[in-house]
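Student: What follows is each chain in one-letter form.
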Amino acid sequence: MFGLANPDRFLRFTRPLTPVLWAAAAVLLVVGTWFSFTAPEDYQQGDTVRIMFVHVPAASVGLMIYGALGVSSFFALVFRHPLADAAARAAALPGAAFTALALATGSLWGKPMWGAWWAWGDARLMSVLILFLFYIGYMALRASIDDEAKATRAAAVLGLVGLINLPIVKFSVDWWNTLHQPASLLRAEGPAMPAVYLTPLLIMMAAWGVLFLAIWLTAIRTEIVRRRVVSIRARRALEA
Amino acid sequence: MLDLDMGRYAAFVWPAWGLSAIVLAALAARAAHAARRWSAELKRLQDEPGTTESQP
Chain S
1 MFGLANPDRF
11 LRFTRPLTPV
21 LWAAAAVLLV
31 VGTWFSFTAP
41 EDYQQGDTVR
51 IMFVHVPAAS
61 VGLMIYGALG
71 VSSFFALVFR
81 HPLADAAARA
91 AALPGAAFTA
101 LALATGSLWG
111 KPMWGAWWAW
121 GDARLMSVLI
131 LFLFYIGYMA
141 LRASIDDEAK
151 ATRAAAVLGL
161 VGLINLPIVK
171 FSVDWWNTLH
181 QPASLLRAEG
191 PAMPAVYLTP
201 LLIMMAAWGV
211 LFLAIWLTAI
221 RTEIVRRRVV
231 SIRARRALEA
Chain W
241 MLDLDMGRYA
251 AFVWPAWGLS
261 AIVLAALAAR
271 AAHAARRWSA
281 ELKRLQDEPG
291 TTESQP
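Chain order of the listed sequences is S and W. For the first sequence, my numbering assigns the number 1 to the initial residue and increments by one for each residue that follows. For the second sequence, my numbering assigns the number 241 to the initial residue and increments by one for each residue that follows.
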């Protein structure tokens, strides 16, 4: 793992991997979409069950991305490794976008099914909103500090603090009485849904996950290249 | 069978899928565009005449 932490080796190793991830994401998205619209209407939810096939991937992958951001922040802070900082930075925008989609698609499901776009008292909705605000805060903090070393440290601390919110999001449906339904997939008794819905859901989760990996890897590689450009420009400016 | 008739829920299902498609496409396009732009800039700097460096 630490062998890959060398930026040159990282660039070389991930070069053939990146197009494979993009292609896999595209295939999974097409297949998952097909299954999403061939599944029968739910006897209670009707066609709104199809919103779940984008909502659950957006939410679960959006949550996992914060885990990646937090762990990268830890390595950036403790080992001062530039690659870890690049990884944390590259995760923030897709994480914020996925979480925003989870909120928006959940709202679009909530209106016809609950009769409300939003519920302020719901612990799951609020903890996901806080997750989104951590992403936004992380990006705003980075953007507000010009000194890259200082920005790295400050952002890494904020990134780490936000990890506290992850178990709250995950277990909010168990710890509090929420309007939001409890976990249907990761539970001791096994998934609580028939295969016709489980299949599109799992394929879509894989698709969004792999798509994030493709975006993330591409963005980390870009960040390494960007830093090289910045350092060459700085050296040329000194020589001139 | 492919079912594209969302009936009375069309106003909720299609915006959810449409929004998702737009955001995912934008993220992918942004990542690909930035990758091309910075690689081209690095190549330009490294190819500039009178410079010997290859890697910083």
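These aren't lab readings, by the way, just hints derived from the structure by calculation. Please note that the accuracy of each hint is not assured.
Claimed, not checked - Here's a subset of chain S near chain W, in silico, CB distances under 10 Å, partners left out:
(1) F37
(2) Q44
(3) T48
(4) S60
(5) M113
(6) A188
(7) E189
(8) G190
(9) A192
(10) A206
(11) R233
Claimed, not checked - Covered stretches of chain S (chain W as the covering partner; in silico rule of three or more C-beta atoms under 8 Å from a C-beta of chain W):
(12) 90 to 97
(13) 221 to 230
Said to hold, decoys possible - One-sided and incomplete, this derived list gives chain S residues near chain W with beta-carbon spacing under 8 Å:
(14) T38
(15) G46
(16) V56
(17) V78
(18) P82
(19) L101
(20) T105
(21) L108
(22) P112
(23) E148
(24) K150
(25) R153
Small disclaimer: the values here were computed from a predicted structure and weren't measured. Every residue, glycine too, gets a C-beta built ideally from N, C-alpha and C.
Student: Hint by hint, which ones does the structure fall short of?
Tutor: The structure breaks hints 2, 4, 6, 7, 8, 9, 10, 16, 17, 18, 23, 24, 25; every other hint is satisfied.
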